[in-house]
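Asks: Those sequence lines, one after another, are chains A and B. Residue numbering for the first sequence follows our numbering, beginning at 440 and increasing consecutively. Residue numbering for the second sequence follows our numbering, beginning at 17 and increasing consecutively.
Be careful, since some hints might not be right.
Covered stretches of chain B, as calculated for chain A (at least 3 residues, CB under 8 angstroms) [stated by the list, open to error]:
no. : stretch
1   : 49-61
2   : 125-134
Here are the simulated PhoX-like cross-link-like pairs (lysine-lysine), alpha carbons at most 20 angstroms apart as the crow flies [what the hints assert, rightly or not]:
no. : chain 1 : residue 1 : chain 2 : residue 2
3   : A       : K856      : B       : K66
4   : B       : K144      : B       : K23
5   : A       : K856      : B       : K69
6   : A       : K856      : B       : K49
7   : A       : K755      : B       : K144
8   : A       : K898      : A       : K509
9   : A       : K523      : A       : K509
10  : A       : K523      : B       : K49
These are calculated hints, taken from the structure and not from any lab test. Nothing here was measured: the structure is a model prediction, and the numbers come from that model. Quick reminder that beta carbons are idealized off the backbone N, C-alpha and C, glycines included.
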Amino acid sequence: MGKSLFEKVWEAHSVRQLANGQTQLLIGTHLIHEVTSPQAFGMLRDKGIPVRFPHRTFATVDHIVPTDEKSEPFSDALADAMIKEIRRNCEQHGITFFDLASGKQGIVHIVGPEQGITQPGTTIACGDSHTSTHGAFGAIAFGIGTSQVRDVLATQTIALNRLKVRRINVEGKLGPGVYAKDVILHIIRLLGTQGGTGFAYEYAGSVFDNFTMEERMTVCNMSIEGGARVGYVNPDPTTFDYLKGRPYAPKGADWDAAVERWSSFASDPDCAYDDVVTIRAESIAPTVTWGITPGQAIFINENIPAAENAKDAAEKASIEEALEHMHFIGDTPILGTPIDVAFLGSCTNGRLSDLQEVAQYLRGRKVADNVKAIVVPGSQGVSMIAEQMGLDKIYKDAGFEWRGAGCSMCLAMNPDKLIGDQLCASSSNRNFKGRQGSPTGRTLLMSPLMVAAAAVEGKVADAREVFSVHEKQTALA
Amino acid sequence: MASDPIKKVSGRAVFVAGDDIDTDRIIPARFMKCITFDGLGDYLFYDVRKTEKGEDKPHNLNDPKFAGASILISGNNFGCGSSREHAPQAIMRAGFNAVIAGSFAEIFFGNSTNLGIVCACASDADRKQLVATIEAEPSTEVTIDVVNQQIQFGQYSIPFEIKPGAKDSFLSGSYDPLDELLEGASSVDAVVSQLAYMQGA
Ligand code: SF4
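Turn these sequences into a full structure, and let the hints steer you where they fit.
Replies: As structure tokens, this is what we get:
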């Protein structure tokens, strides 16, 4: 019997079994950012323990970086202290740091792939739950806590329980105007926000075979919203084409050897899965969240659920809580709900193809009055290429603010925040209460093109109609 | 850092209602602008406890009846959302040693276990009994017996689930794995030598 990618990578990185039955797992690639690492360096300093493999840790700043200030010190003294701290820690320990002046800074889950640091058949950890993004390359990548960041720095390993593997096939062809974001929102809606607990998700089927790397990353990114700590796609020529020539990718003869090795990690056709789910691509429509968990999602033409139709008391309570926070009424359409803010960015949908896809429809259109619209490229690399292509001009002409790279309004640790109970159409990944910086702020998760449609119309709209999307155009054409 | 074994946790308890309580709720992101975890306890559940002006709202965690509680009770899927250890750190620094919930999000469970916070899963019916008891009599002493997987309060005793690995680590005092991981250094080198991408400066 064959093995899944998960089993192969796990076995190649298992160091030994620990007394409590957990595995001591080697973390080949460690990514750090300013929010969850300073305390870990502090713990090492207290104990006098050095960093074991400094060349396998890579750092950037993303969460606290202002997107409209270019120079330090930042006006927010706490943010300023945090960037200085990570800079100091990296210098002290000899860790590569993609600092603001490097031209490579950005959201950690965008920078890793962009630099070719994220590679198939590897283990990747970062003190951030959206580390699952890197699984798009056929890596086992997961978020860890700060004590585990300490463990990786000190030993390049962590203690972990082995996961089960659920294969999720999406077969067929997505309709025009239906995107990777809709696929993952739909998967979470079907399987629930806890459905993935204890599982790694292996995404497969013709939809994933045909997806670009950036689309695969969008889906893997939100595995954690479905409760799965890890999500991955088997590596294939699409993966290798993406990596070829990137700064940290192997070169020359090493490249050929690497491709051969990487291919060997793909799941064997006869391997066993703990669970298999198959979804028809044609059944997925543009999807929007209406509530306060990513699983509270509906197709754009559906009505918001009503508490009285809940299947049990727990669901009834959660619908009621969500409706109250969102100021929505059950059994009414989501279509036409006025919005205040449109946010295009984040590690889910802040990549070049996202910005390109929207720009081709946005040309000549205008953001509605009363809507504040911002676009935040996921990295300096993304913004540089986008600007070379003139995308910034298209966005600015349409009335979007074009910002510097960072996490921005995805979680509002920088100055980009909702105010009061503003309603935001957002291409990010979490709609929890207070997530976008105001305790009473409200978030609707959707694809980038749906965000643009809402921005243009001033209300939740079907992007397929707003932009007359017929045949799916390829972003990179 | 072998720590002292944790065989039982006792204290008064407080109930924070709701399923799917995410880490943004436990500690809003804006309070994560810090380079140490000291002081995070003050911001635990900040947005549900305080008005925008920083005044107390009616909430069990503000209620003097429950002051000094060291066990937190909540609903299903507690701690979902981000991997931030700021959440269990805030819980610990606000004086809690244990959380009793219907279920826990995986990363939160792992982070809490590493810190020595006991995360116990009890059924909806049993938690209802527990909550009713402490709300009627907030001074009730609640004891989580890790060895026998029972929670005792008043005349009641209810069972709870905990991952065997976590239970073992509490009982042996090895819930912080760093020492054991450091001991594996030579085995780590052996694995590293087999992996092409780990080579180099
Ligand atoms: S963009 Fe959002 S989800 Fe992604 S790393 Fe930043 S804060 Fe986290």
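Asks: Next step is simple, just say for each hint if it's right about the structure.
Replies: To see whether the hints hold, each was checked on the structure:
Counting residues of the stretch 49-61 of chain B whose beta carbon lies closer than 8 angstroms to any beta carbon of chain A gives 5, which reaches the threshold of three, so the coverage claim holds. Coverage of a stretch by a chain is defined here by at least three residues with a beta carbon nearer than 8 angstroms to that chain's beta carbons; for the stretch 125-134 of chain B and chain A the count is 4, and the condition holds. Distance check on the hinted pair: A:K856 and B:K66 sit about 19 angstroms apart at the alpha-carbon level, within 20 angstroms; holds. Taking the CA atoms of B:K144 and B:K23, the gap is near 24 angstroms; set against the 20 angstroms cutoff, the hint is violated.
For the suggested pair A:K856 and B:K69, the alpha carbons sit about 17 angstroms apart, so the restraint of at most 20 angstroms is met. A hinted pair counts as satisfied when its Cα atoms are at most 20 angstroms apart, and A:K856 with B:K49 qualifies at roughly 15 angstroms. Distance restraint check for A:K755 and B:K144: the Cα-Cα separation of roughly 17 angstroms lies within the 20 angstroms cut-off, and the hinted pair is therefore satisfied. Of the pairs offered as hints, the one joining A:K898 and A:K509 is violated, with about 32 angstroms between alpha carbons and a cut-off of 20 angstroms exceeded.
For the suggested pair A:K523 and A:K509, the alpha carbons sit about 15 angstroms apart, so the restraint of at most 20 angstroms is met. With a C-alpha separation of about 13 angstroms, the suggested pairing of A:K523 with B:K49 holds against the 20 angstroms cut-off.
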